[in-house]
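Trainee: So you can see what is in the structure, the chains are spelled out below.
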Amino acid sequence: MSEDKHHHIVPYRLYVIVLVALLALTFASIGITSIELGEFTVAAALIFAIIKSILVLTYFMHLKYDKPYIKLMVAFVFAIFVVVIVITFLDYLYRV
Amino acid sequence: MAEHQHVHIEHPDMYDPESSKIGMWLFIFTELLLFGGLFIVYSVYRYMNPDAFHLAAEELNTFIGAFNTVILLVSSMTIAMSTTALQKGHKKVAIALVVITFIIGIGFLVNKYFEWGVKFSHGIWPGSEQMLNEMSQGEILFFGLYFVMTGLHALHIIVGLVIMGFAIRGVANGKVNAKRPSLLDNCGLYWHLVDLIWIFLFPLFYLIH
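Note that the protein sequences, when read in sequence, are chains A and B. Counting from 1, one number per residue, gives the positions in the first sequence under this note's numbering. Counting from 1001, one number per residue, gives the positions in the second sequence under this note's numbering.
Isolated chain B, as found in the complex (with noise of 0.2 Å):
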């Protein structure tokens, strides 16, 4: 026991909110890195082919990107008011918050099933024959980049879904509390920062015409 209490000491509790919480906020400058670098290819492909982005964009459905836009919005709003429901001690309103979000964001990829399954079917995907055979070279760069950054954004809700399951864990153990929320807090930073990437998705492949 002594030595365990010996232990302990030499091994001080490195918990320090302030550190998780830049660490986190250096990890969203890289996603700027890698989702910016994006959106300035689509803008300067645009800008080289605005009739056929255009067209293409016609393609696309207004009404299930406007749901998704609010779903997410909605769950963006549940996941910052699930930190507030841990730091006034109530564990279980904090956990159903997380919960909530997590199905919301089951949601999102659901719909983003259905959309990309649309598209398929009108034999519209990365490389397919009717892409290469009947459409415009503006019209690929349209679809190619609207298939990587739609899919790259899906692949981050996953990863966020996946760091849920963690605060939810670790809320429900009680390693995550009002005290030591960071785990908590970074999974909504992360979770806003998919909802941020998705607020200029949107109007730019769905809006604009």
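Isolated chain A, as found in the complex (with noise of 0.2 Å):
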């Protein structure tokens, strides 16, 4: 009963939108990295594969049409893994 109530249908055409997204992210991604942009490089190179990774969640993992409480949790486990990261360079950066 409630099944069916959550059960939402994606349309074909969103999947082929947000590919075609995907795609031209990873052009621009491509486009800006070949620029010498210095130590900027990375920074550019991880926002587009994190936009990336978000589109991917969102719509093709469903995130999207799913209860709070699993958005939450996959919310939660990697924000913890960007802590994770966030201390590590706190201390190699520190690291006299």
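Treat the hints with care, as some may be off.
Here are the computed distance ranges between Cβ atoms for each label pair [unchecked claim]: (1) A:LYS64 with B:HIS1054: 35 to 45 Å; (2) B:VAL1070 with A:ILE70: 27 to 37 Å; (3) A:VAL96 with B:ARG1169: 52 to 62 Å; (4) B:HIS1090 with A:TYR65: 11 to 21 Å; (5) A:PHE89 with B:ARG1169: 38 to 48 Å; (6) B:ILE1040 with A:ALA21: 20 to 30 Å.
Hints listed in this document are in silico derivations from the structure and should not be mistaken for laboratory results. Glycine included, each C-beta is placed from N, C-alpha and C at the ideal position.
Starting from two chains that each stand alone, build the complex the way the hints lay out.
Mentor: Shown next, in the form of structure tokens:
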């Protein structure tokens, strides 16, 4: 009963739009990293990768249509991963 | 017959799409631990050996990397579409879409085979003499991480192909249908995870010079 209520059928067209966006972002990231940006190259490449992964998580992995607690769970785990990276670099950047 | 029915009542249908989904997500979190750890190792070594990583990354073929990125993104779309097809009751379309995803996955591995083949013919593989004698510590670390991380990713592609095999069989024999789509859904989630990992591997190894 409640199963049907939560069953959201995603139209094919939306997936095509997301794919086009992902491909555009891929080529944009190839373009921007081919320019000499020095230390910002890493940041630029990572920003594009993060935007792409948010698109994949939201639409391809259906998080947009999932219950709030699943969204929260995923966001929390990824947030912890980011915290671990930040802490690791706080250590390395400030080592004497 | 009566006995059979009795047994059936004692073992009710345990199908629960929500639990299946949570189980899959928990598994995906463990994958994040695995690859996340490797990404941290990569970033720390990159920070400690910026010049060597810069130099070593030039050795990688951006074109093959980009091509594999494109086909993997397309395959993610086709497997996502197969869920839509199944929900609409278009069984044959659903199977066709998973088969297309499967073929693209094979294509990815074939490209990887040629890519690694070129590295091997240049004498670059973990522990090769060329690596140990002519490369700096940083370059050895870069190629070590390159082979481990893309290799582990390729292993995930192979596992994804096996799961797709089960999904195709399930849809074909009707055990996976619009009312019980979990196997196909989870197959899709796994494949998207493989895509997600590649989304980070590609820029980190191929693009940043």
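Trainee: Quick check on a hinted range of 11 to 21 Å for B:HIS1090 and A:TYR65, using CB atoms only.
Mentor: 20 Å, holds
Trainee: Quick check: does the Cβ-Cβ distance between A:PHE89 and B:ARG1169 fall within 38 to 48 Å?
Mentor: For A:PHE89 and B:ARG1169 the Cβ distance comes to about 46 Å; the hint holds.
Trainee: Quick check on a hinted range of 35 to 45 Å for A:LYS64 and B:HIS1054, using CB atoms only.
Mentor: 38 Å, holds
Trainee: Holds or violated: the 52 to 62 Å window for the beta-carbon distance between A:VAL96 and B:ARG1169?
Mentor: Hint holds: Cβ distance 60 Å, inside 52 to 62 Å.
Trainee: Per the hint of 20 to 30 Å, is the separation of the Cβ atoms of B:ILE1040 and A:ALA21 within bounds?
Mentor: Hint holds: Cβ distance 28 Å, inside 20 to 30 Å.
Trainee: If I claimed the Cβ atoms of B:VAL1070 and A:ILE70 lie 27 to 37 Å apart, would that claim hold in this structure?
Mentor: Roughly 29 Å apart at Cβ, these two residues keep to the hinted range, so it holds.
In summary, the structure agrees with every hint in the numbered list given earlier.
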